[in-house]
Amino acid sequence: MGGLTMNTRVNPDFEKELQKYGKGNWNECFHCGNCTAICPLSEDGFLFPRNSIRTLQMGLEKKLETSIEPWLCYYCGDCSETCPRDANPGELMMALRRYLTTRYDWTGLSKKFYTSAVWEYAAIAIIALLVIVSFLVFLPLRPDAALMVNESGGVMINSLVAGVSPDRFVTLIEYGDWLMAVIVGGLLITNIFNMYYKTIIADKTVKIPLSAYFKEFWQLIYNFVTQASFSKCEKRSYWLGHLLLMTGYTIMFIIVVVFLPYFQIEEVVPVWHWQRLLGYYATFGILFFLGIVIFQRLRKNPITMKFSHASDWIFIIMLALTTLTGIILHIFRLAGMVEATYYTYIIHLAVLVPMIVIEVPFSKWSHLAYRPFAIYFSKLKLATLKEKSVRKLAPAIS
Amino acid sequence: MEEKRIGVYVCWCGTNIAMMVDVKDVSKEMEKLPGVVLAKNYKYMCSDPGQDMIIKDIKKYNLDRIVVAACSPRIHEITFRNALENAGLNPYMLQMANISEQDSWVHTDRIEATRKAKSLVAAAIRRVIHHKPLKKRIVNVHPNTLIIGGGVAGMSAALELSEAGKKSFLIEKSDQLGGTAAKLKLSFPYLNDVVNDISNLIKRVEKSEHIQVILNAEVQEIHGFIGNFNGIVKTTDEKEYSIEFGNTIVATGLKSFDAGKLKNYGYWKYSEVITSIEFELLVKQGVVVNKKGIVPENIAIIHCAGSRNENYNNYCSRTCCMSALKYANQLRNLLPDANIFEMYADMRTFGRGCEELYTSTSRKGIMFLMFDQRAELPLIKEDERGNGVVIEFKELLSGEEIQVPADLVILMVGMEAHENAKSVSHLSGISMDSNGFFIEKHPKLDPVATTTDGVYVVGSCQAPKDIPDSVSQAKAAVARILATILRGTVEVEVTTAEINADICCGCQFCISVCPYGANSFDAANDVSVVNEVLCKGCGTCATACPSGAISTKHFTDEQILSQIEGLMAKVHELEELETN
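Here the protein sequences come in this chain order: W and L. Sequential numbering from 1 applies to the first sequence in my numbering. Sequential numbering from 399 applies to the second sequence in my numbering.
Pulled out of the complex, with its shape left as it was, chain W reads as follows:
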């Protein structure tokens, strides 16, 4: 973005700091601009990734902290493949997304998790333990649990706990869901506001009219649902794979949080029931994507999978464990294995809860909010700039 800017001081140490968030030979870049030229998402007003590399090389933290560009990149890897110096510009955008996540998070926990795997493991372990202990202490398995099998031989999942009626059990879990959603959502919303402050309010060069917020609002929803921007990358299969994961995950999330009383029921519904179909779709989508990503990360190929940050593996493992325990839970239920169902249920939650509590506001999952918002913000800026230039240039050039 042009306009008058304050002098900012260079910082040679910043590059070392950023290496904690990703690995790349970014100082190798000699600014040929091939990366920016090949990127289908880079456009006038938001040119990247070369510009971001330069800003990093000079250590202009403020400039990086207020940039939207890293979120506009979906990491197809074309830039890194094209780079004549193997400077890995794509991985820089990835590292910057991790860095920005820590900058938006006001609690400071995100920075701890991203820069220290030990912190993240500890946090996950504590939350998991809390879930397990709460269950074992407050919701223990009832002594006559073995009887809780319905006429089709499936486990009556809501009737396994001692001293609590099935309806009350579902409500308790639902309350837990909502509590988690409120905490996580609250954190995420404040972080998004922080992002909004840094990228929009702090940028005095562009003044966005109120009307633009309404006019461009559809971009936010549209891009969240379709990830249309990702589909502009040359490698469309990446977009498809990502969409599969995202829809699967979102469907599962909505079912579990919003529709829990309709989902977690005593009877076993037929295979073609909407519940099971959606569940199978989500499971397939997540597993398919996870399988590919794990394979690629282990092979360090393609280039986008060459470097794996600790947070990448933690995310993959947590999601895989959640899915696997979910599948096992489903099988145990159908097979009428009461005790196994109860304990798997606890383990399932002991993985699921920390994954959501840690990943969504503080780590990798936060991009589900930052990306569509970044696109929304960028469209706001572009629309404003366009209007400005049209006004300035009209009527000679339109």
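Each hint can be trusted.
Using 16 Å as the maximum straight-line C-alpha spacing, the simulated EDC-like pairs for lysine to aspartate or glutamate come out as follows: (1) W:Lys63 with L:Glu799; (2) L:Lys762 with W:Glu15; (3) L:Lys762 with W:Asp13; (4) W:Lys62 with L:Glu799; (5) W:Lys62 with L:Glu798; (6) L:Lys690 with L:Glu676; (7) W:Lys16 with L:Asp735; (8) L:Lys762 with W:Glu28; (9) W:Lys63 with L:Glu798.
Restraint-style ranges between C-beta atoms, simulated for each label pair: (10) L:Lys820 with W:Thr205: 50 to 60 Å; (11) W:Lys20 with L:Glu790: 24 to 34 Å; (12) W:Leu136 with L:Asp735: 52 to 62 Å.
Think of the hints as simulated: they come from the structure by calculation, not from any bench. The structure displayed is predicted, hence computed values, not measured ones. A virtual CB, placed ideally from N, CA and C, is assigned to each residue, including glycine.
With chain W fixed as given, assemble chain L onto it according to the hints.
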């Protein structure tokens, strides 16, 4: 008057000429002109078969004058003169018409270009009619050489002459040999210690029995011409040497750009700001501190100080980029934790090993920042946040206005010509360019000789240069000089001015205009006389002479007017003209 027998040869130059000029038509038309015995065209006149054709024709048809329509006489006049000589004809009976650079290369209309070629060749034919045989002149060569300047270039030349057992006078203005190179610690691109190399060079010079070193001395006067110079050298303690020599090497070196002229850099204002020369001194002493005596933590190296800038010097000083990278390496070794900033305008690391130096330096944790040399220079200000200064500028690769903190700033000052270049130029009869650097005879084909025969320019007095380039140039000049010493004689120019003593009125105007000091006054006869050895045949005196007493051999009024006449007339008009 006897009939002139002219042979005309039109060259195709492959397709260079033939593509734009109908060479067959030109030769056919030229055959009709008075005095022309034959006109031929051929693919490559300068080739051996081409020359043989001319030689055979001269003998067979008894030709006495030759016109070659081909390229510039700068390229092949000598070739064809030799051909004439081989055929037993005086080489000056040749005239060339340039239908390449002056015709086919610069036109796009074949009909017009062919017409122009005919005019040019016709002009050459008209001119050659008036050519007269001229005799070559030969003079002896004194085996001694005068070398002005005791830097690396001058010393290398002296040692090379000494190898051949030839004596040289090495005149140095200061009290020690070594010049600018003696101020350096390391050389680029291999970062070798250069201190020993230079002191060894000095020792060898001092030991040589063939080199007479005169320190604290300046050349006062030089007279004479190639092979036969004499001069006076005077030391600061008023000692005078009268010397004789056959050749002169000018190796007066360079002067550093005055950093104080760069207002934005505050060289006199801030004790953090030093020049590259001052930095060399610091590393030689092994202690890098700013003028406050503080060991720096943030070091900025600013390239192009005074170079490549229309407000200072337009030219590139050629060595500073590499020196700056050398400094970054030296600093990285001496101060491993310091932040080093290379602020460059364009990185120009040409030559063997230099791009590699750039690459390896860029991997040593040094921040490279680009500024726009055409915009305002970076501004050095006092740092409000710290003790040092802060450099503000717009970084070109990002477009960002940035600040670079520094407690040591090294200005890469460029090379300039010495302020006394003008007096050296007058002394030795060589010319300077607008920057005060001496001009070589030909920028490509004769880079060490000058337009004054027997005077050579080597090293940074000719243009900014590094050590190897200066040494190569010095040795090349010596090769040229040794060739003349070995032969013992040299041919000198015959196209000199000629004064008709009967017409000369003795006004001496010709003496005042001669740039080579070739004219002098014969008081006994009250006329001006030309020293044919010094005369370059530039024609200035001939044009200046109010009584028309002076003509230039091979460039007589008659020859030039006939050429113009041939150029202006239409071909059919020329056909009707009498031969004489």
